[in-house]
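Chains as they are written, first to last, in the numbering used here: chain A, 1 to 135; chain B, 1001 to 1135.
Some hints could be false.
[Claimed, not checked] Examples of chain B residues toward chain A, derived with CB under 10 angstroms:
1) M1001
2) P1004
3) W1012
4) G1016
5) P1019
6) E1039
7) E1075
8) R1107
9) A1119
10) Y1134
[Unchecked claim] Covered by chain B, per the in silico footprint, the following chain A stretches (three or more residues, Cβ under 8 angstroms):
11) 9-21
12) 45-53
No lab work stands behind these hints, which were simulated from the structure alone.
The structure presented is a predicted model; accordingly, all values stated were derived computationally and were not measured.
Here a beta-carbon is modelled for each residue, glycine too, at the ideal position from N, C-alpha and C.
Protein chains: 2
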Amino acid sequence: MNWPDWISAVKWDRDGLVPVIAQERSSNDVLMFAYMNREALAKTAELQRAVYWSRSRQRLWVKGEASGHAQQVHEIRLDCDNDVVLLKVTQLGHDPADPSIACHTGRHSCFFQKLEGDAWQSVEPVLLDPQRIYK
Amino acid sequence: MNWPDWISAVKWDRDGLVPVIAQERSSNDVLMFAYMNREALAKTAELQRAVYWSRSRQRLWVKGEASGHAQQVHEIRLDCDNDVVLLKVTQLGHDPADPSIACHTGRHSCFFQKLEGDAWQSVEPVLLDPQRIYK
């Protein structure tokens, strides 16, 4: 397949992937981190919805396909070395009243473990029981 | 070497590295992305200064050692899969009056290229000429 120049401008790693940071536009919070391949990045730009590459399942993963927690994409950014992507997103939920939940644990952000002394402590609340997310 | 439990709790990749996002504490801006090995993470926690692993130079890289743009570390966070680290930092400069410059191009953040239509556009200003940073 012939990819457009802007896709080819990304420095894809040896697995054909690029690391991706998803940041919430309203709060600037870092929500999660994942990977994309060329197809995932192309689809993300096309749909304005975050589409990642699941390394564990080895397939495209439309964020929210199982959880309902899709991500509306407002901006796609690339770093100075062309090898990391940053998305500015709105974290969507099951319904408009849902709090912003990006993590499969039911938390706002995946980065809820904080180093305190010499131990990782969970410091962010679970907003929704994962059993209610993945029905 | 016997690493402490909190270091061993990180899921290190096949190269013994973990991806790291550096986020500015005051603004929540994502400044940069890099990697750490076990020693870099241990030193970061010990010094409360960001120490990365330079993949290109294959050695520890104390952020700011060449540029003067060191990073004071306030929090070290780990994601839900234990395989990505997030630092909350204050970006330091040559002197207290320096603007916050994390990128080697002299910009605030490394993520200054934005996808507009089908092209990456530089949308953030150069705050300091790199020739003045790397003297």
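To see whether the hints hold, each was checked on the structure:
With a least beta-carbon distance of about 16 angstroms to chain A, the hint placing M1001 (chain B) at the interface is violated under the 10 angstroms criterion. Of the supplied interface hints, the one on P1004 (chain B) holds, with its beta-carbon coming within about 6 angstroms of a beta-carbon of chain A, less than 10 angstroms. With its C-beta approaching chain A no nearer than about 15 angstroms, W1012 (chain B) sits outside the 10 angstroms limit, and its interface hint is violated. A hinted interface residue such as G1016 (chain B) counts as satisfied when its beta carbon comes closer than 10 angstroms to some beta carbon of chain A; here the least separation is about 16 angstroms, so the hint is violated.
The interface hint given for P1019 (chain B) is met, as the beta carbon of that residue sits about 6 angstroms from the closest beta carbon of chain A, less than 10 angstroms. Of the supplied interface hints, the one on E1039 (chain B) is violated, with its beta-carbon coming no nearer than about 16 angstroms to a beta-carbon of chain A, more than 10 angstroms. For E1075 (chain B), the interface hint holds, the least distance from its beta-carbon to any beta-carbon of chain A being 6 angstroms, beneath 10 angstroms. For R1107 (chain B), the interface hint holds, the least distance from its beta-carbon to any beta-carbon of chain A being 8 angstroms, beneath 10 angstroms.
Of the supplied interface hints, the one on A1119 (chain B) holds, with its beta-carbon coming within about 6 angstroms of a beta-carbon of chain A, less than 10 angstroms. A least Cβ separation of about 14 angstroms between Y1134 (chain B) and chain A goes past the 10 angstroms threshold, and the interface hint is therefore violated. Figure legend: the region 9-21 of chain A, annotated as covered by chain B; annotation consistent (3 residues with Cβ-Cβ distances under 8 angstroms, at least 3 required). For the region 45-53 of chain A, the stated coverage by chain B is violated: 1 residues have a C-beta nearer than 8 angstroms to a C-beta of that chain, whereas at least 3 were required.
Checked against the numbered hints given earlier, this structure breaks hints 1, 3, 4, 6, 10 and 12; the rest are met.
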